[in-house]
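All chains, full assembly: derive it from the sequences and hints.
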Amino acid sequence: MKFLTDLRLLLLGIWLGAAVFFIAVAQSAFAVLADREMAGAVVNRTLTILNFAGLGISIVLILASLISAKTTHRLLVWVERSLLLIVAIACAAGQFVIGLWLSAVHVHMGKPIDQIAPDDPLRIQFNNLHEWSVWVLMAGMAAALIAFFIIANRRLDRSVKIDPTAPYDFSKEFKK
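Heads up: the sequence shown begins at 1049 in my numbering, then just goes up one per residue.
Any given hint might turn out to be false.
[Said to hold, decoys possible] Listed below are the simulated SDA-like cross-link pairs for lysine to any residue, each with C-alpha atoms no more than 20 Å apart in a straight line:
1) K1050 x I1198
2) K1159 x A1141
3) K1050 x I1115
4) K1050 x A1112
5) K1159 x L1133
6) K1159 x A1089
7) K1050 x S1113
8) K1159 x L1148
9) K1159 x D1083
10) K1050 x F1196
11) K1050 x R1202
12) K1050 x I1062
13) K1159 x F1174
14) K1050 x V1091
15) K1159 x V1182
16) K1050 x Q1143
17) K1159 x V1091
18) K1159 x N1175
19) K1050 x F1197
20) K1159 x R1171
21) K1050 x S1219
22) K1159 x G1147
23) K1159 x N1092
24) K1159 x M1086
25) K1159 x R1084
Keep in mind that the hints were calculated from the coordinates and are not lab data.
Here it is as structure tokens:
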């Protein structure tokens, strides 16, 4: 099952790296682009990709956890699944709840957000939704990071001796 574990770590690591990179993209977009509406569109599009990827990867990893070795600690497997479920819920909530509310509020404003007074109720609602979006993404990233370490440190049966000089046998990867 080492191959499957390595593949799961790779997928989770790719998503975590993309999430961290997204933070840099978001900050850079607003720093470089003169039009804040265009920067917001870039960030929104990138966040959509990140959320869909996180949702898909989480579901795949939860399903892959069902093919776990019988020698793994069952409690850790369920903790891992719970953390991956948190990642999936965070991505789904960020995309389908908070993201849709943000879009609706932005459309209801009728003009660029910079032209809306800071004390306007729509601007305040937009800012609050944005903060929720940030916190939900951070919660998903934290859950993914903890799940990454749980998967990486999973204890398999130590009584099995592995010959480092023997060729790798892929047929053992998919047996229960």
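* To do: Please flag the earlier hints that this structure goes against, numbers listed from lowest up.
  => 2, 5, 14, 15 and 16
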